[in-house]
Structures are given as structure tokens and as C-alpha cells.
Amino acid sequence: MSAHTLMEITPTTFAPPIADKPAQADSEVHQTLIDIANLDFFYGETKALHDISLKIPEKEVTAFIGPSGCGKSTLLRCLNRMNDLIDIARVDRGTIRIRDIDIYQPDVDVIELRKRVGMVFQKSNPFPKSIYENITYGLRLQGVSAKSRLDEVVERSLRGAALWDEVKDRLHESGLSLSGGQQQRLCIARAIAVEPEIILMDEPCSALDPIATARVEELIHELKSKYTIVIVTHNMQQAARCSDRTAFFYLGRLVEYADTQTIFMKPSDAQTEAYVSGRFG
Amino acid sequence: MKRFFDTELETFRSNLVMMGEIAVRQVRDAMKALIESDLSLADQVAAADDELDQLEIKIDEEAIRYMSLRSPVATELRLVVVGMKASHDLERVGDEATNIVRRVARLSAEPPIKPYVDLPRMATIAIQMLRDAMDCFLQIDAEKALLICQRDKEVDDLNRQLYRELSSYMIERPETTSRALELMFISKSIERIADHATNIAEEMIYLAKGEDVRHTEQTRNPDAG
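Protein chains in written order, with my numbering: chain C, 1 to 281; chain E, 1 to 225.
No wet-lab data here; the hints were simulated from the structure.
Owing to the predicted nature of the structure, the values given are computational and were not obtained by experimental measurement.
Incorrect hints may appear among the rest.
[Stated by the list, open to error] List of simulated lysine-lysine pairs, BS3-like, C-alpha gap at most 25 Å: (1) C:Lys266 x E:Lys209; (2) E:Lys188 x E:Lys85; (3) C:Lys266 x E:Lys85; (4) E:Lys209 x E:Lys144; (5) E:Lys2 x C:Lys266.
Start from the sequences and build out the full structure, keeping to the hints where you can.
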């Protein structure tokens, strides 16, 4: 992976301190942060998303579920314009607004967007650098060099990712020396180091063992007090455990979107029911 | 798509259906034993109660196993939970049938204080409610189930009416007291059977629609004052 690509996909600088708002109680109705309206998306001639409309509330965990090829990862990648990196990919119709800003307008700075909308991938991808440098990479690119400031961000981010106690004595060892689960949490720490507003997670636990998975799920639950999280998962029980709202996609269409309890207890669509019960997919 | 463990749910379902059939048979036989003073049938009813007890345990075991190993959601989860609750209700129906036959020997030793009219009438309604509730399970029919809940008041009213009537017997003819009390207990048992049928019907509404209608206006008889 080239350095250029790494910069493209990793939030690298400081976003407005929106994430510092106090946590809201569960009972409060959270405002819409991401508003997707009538979105059509193509890979070349193939329509991958059909007329998707979906409002994602802030400081909640929203899960995208559906069988392979249903468009859930494509939609996730639309949220920080990751699909721009694919030549033949295009949004054909519709809008995605984040805090009322249409992110597909030509004047939107994509690098700024990706600072606000961080991403964690299926396979943990720490840079081949020390744990410390992994976390400070984005800030250094921004020109932050004061050691006290960097130290503070490293500790805050690693604590935020529930990794501090495990690595505080080995911050200068390679990020690649960590276990798979620790590497994934390091990537989460790296994502939150630049204070994004939204964290997108694409199958963040699929390569992890059950204990590491439980840690990351615990972390997701803690992170939602500060961040809005959108997670793509194939693990139904993970969606049930971690998310507040669940969207079920099938063949590029949004079939059903509701609070997670409704999706798993009494979905209104027969396809949703069949999928969450493991009867198709 | 079929799953390799779908047969487990089929077994679970058929065990519950079997419990329903046994419970209906127990109530019907208990009433027959009472009306015909048939002591040997009364003994058979008491002895058969164990079948229901064992099926209830089996259903609980299967439900817990299924929830642990198969992680059911949506309709399937509701089926498993409702199955456990309904089997408990059916087991209690069996207990009430046993309560009825326990009184047959004492009652048949003396002539009846009045002809059996109201008790068979109550029992006919209660048995029909039970049957219908089990049909709703097979057909996943929430609308029919709601009608069952609304019929419960008929049985409640008959029970109250019989209670008043038997109270006046006891006052007018104190020598009938012990027999009148036995009949009151039987009436109460039938009323409880109708309550269990109502519970099952409410559970079937939950199974069909995921809506909990217990203690709501919906389940009340629209003609009730």
C-alpha cells in the first residue's frame, strides 16, 4: 500500500471538536447526523445501490447487515467517499449529507471529510512503525511536534481504545508485534487520535478470536458516547449485541431499517426475518 | 432455506400440540367422571397427569437447549418462549382436571344437591377455548386468539353466578354445605382452566404479532360493562 493511499484512507488531521460533547442518555432521541437520500450508486454499468434513503442518528451505533454483495460495504464506503478511489465507481443520483453538508458537492475537501469520518477495516492494518508512531502519524502530518501534546494524544487514544494498560510499557515496539485483537484496537486508537466525528467499521471483528471480539464490542459500546459509529457485520449476534439501529440490505436495496430490537424481535419484512434467522444469505 | 436443526423446532411444536390434546382430554374426562360418578375414569385422569408434567419438563429442556445452541431470533425466538409459557399453562390445566376428579368420590357418595347444568356449560366453554387456543397455535391466528380472550368473561360470570347460587343453598340447607363447597371448588377449577386458555391465547397473539396484549383493553369482552 503506498503512502499516498494510506493518507487517503486514514484520518490524518484534527477535526472540529464536535466529539467533545457530553454523552447523551440512551432515552434521548438522537439527532440525525448522516442523511442519505435516494442514493443510486454504480460500479461501471452495474447498479450496486438502488434508491437508498436512511437517516443515521449521532452517537449511536448503526449496523448494516445483509448477505455478501448486498451493497452494505459499498454504502459504508460512500460515507467518507472511499469509493472515489475506484475509477469506475460513481454516485449517480441522490445525496449524502453529514450535518447538512452534501459531501458529494465538488467544493467538499475529501481529505477533510475523511478526517471527520474515520475508518477501521476488516483486517487490522497498523503501519509498520512503533505503536507510538502509529497513533501520532496523523498529528505529525498536521505539523504537531510538541512531545507533550503527542504523549497526551497517545495515552488518550490508547485508553479510548482500551489498549493502554496492555501496551503502555512497550510504546516504541512495532505495532505489528501486537496480537490480532490488539492490532485492531490499535487501528481504532489511530482512528480516534484525530478526533473524528464518525467511525466507520467494516467487519472489524471478522478476523478476531471471541475474546478479542468481545473487547472490541465492549469498546464500540464505550465509543458511542463520543462518536457516531456505523458498522458492517456478517455476525448477526454482533449486530444484535452492539448496535442501536440495524439496516438490512438485499441486492443493493434497503429492505428494512429500524431499531435493532425490532429487527431481531419482530421484523416487519419476511426477507429480514429469513436473514436474521439464518434461513438465507 | 432448510436448516439441519429445523426438525428440532418441529419436535418442539408437536410436543406442545400433544400437551394441548392431553389437557383437553383430561378436562373432558374429568367432567365426564364427575357427571357420571365414574370413579375408575376419575382415577385414570389423576394417573395421566404425569404425562403432562413430563412433557412440560421436556419442552423446557428443549427450549433452553435451542436457545443456547441455535440463537433463535424473531418468530423463532417467540415460538420458543411462548412454547415454554403455554406448556406451563397446559400443565396447570392438567392440575385443575386432577383437582376436579379428587372431588368425584366424595360427591358421588351422596345424591347431587342439584342437577349438573352450569358446571358442564362452563366446562364446554372452557374446553372450546382451550381447543381454539391450540388451533391458533397451529394456524398462527391472532384474530381468533383475541376472540378467545374475550370469551373468558362468560366463564367468569357463570362461576360467580354459581357461587351465589351455592351460597344460598348452604344458608337454606346447611346439610348441603360440604357438597356445595366441593362444587364451588370445581367451578373455580373450571374458571381457572378458562384463564389458562386465555393465557395461551394471549401467548399466541404474541407469537403471531410480537404484541403483548396482557392486561390491555383489547382482551376484554366488548360487551362487558
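Please list, smallest to largest, the hint numbers that this structure does not respect. none
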